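K.L.:
Throw the hints in and build the complete structure from the sequences for me.
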Amino acid sequence: MNKKKTLYFGAGWFNEKQNKAYKEAMAALKENPTVDLENSYVPLENQYKGIRIDEHPEYLHNIEWASATYHNDLVGIKTSDVMLGVYLPEEEDVGLGMELGYALSQGKYILLVIPDEDYGKPINLMSWGVCDNAIKISELKDFDFNKPRYNFYDGAVY
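Per my numbering, the sequence shown runs over residues 6 to 163.
Treat the hints with care, since some could be wrong.
[Claimed, not checked] Restraint ranges, calculated between C-beta atoms of paired labels, are given here:
1. A71 x G125: 20 to 30 Å
2. E60 x R154: 37 to 47 Å
3. S72 x K152: 31 to 41 Å
In short, the hints are calculated from the structure, not lab data. Quick caveat, the model's predicted, so the values are computed rather than measured. Even glycine gets a Cβ: it sits at the ideal position worked out from N, Cα and C.
P.N.:
In structure tokens, the structure reads:
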């Protein structure tokens, strides 16, 4: 029997391109036998009191919702085995950058997952430096989370 790892699923969902990458990565994870997706932490599914910001953007002005959601995400990173970041090279996400840095401080293995059509494009130096490996979304379903390894990104940095 394969051992399964839990993930913190860092990904944006605020525009069409982010949504497409989010859905592709999630579909690949559902096929990956080394991922315990049921017990993984997906921020969009764990917002405070079940209030999804994509459905209720007015809660961005609610300090209780914002603080609790932020702290729950930190707990999600701390309690997951692996930090997975869906990374779009031309849409640097400061929130994902913070999550990546926090995961590094917690000693987590960090995997960047990049849409196939964007793989090889320059990525931010700090995001490149913090990750242990960067792969294409098409490689995610076969990635063995039980044997995480370091590897170089095939693109440049900026």
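K.L.:
Each of the hints needs a verdict: does it hold here or not?
P.N.:
Structure-based check of each hint:
no.	hint	in the structure
1	A71 x G125: 20 to 30 Å	violated (36 Å)
2	E60 x R154: 37 to 47 Å	holds (39 Å)
3	S72 x K152: 31 to 41 Å	holds (38 Å)
Checked against the numbered hints above, the structure breaks only hint 1 and satisfies the rest.
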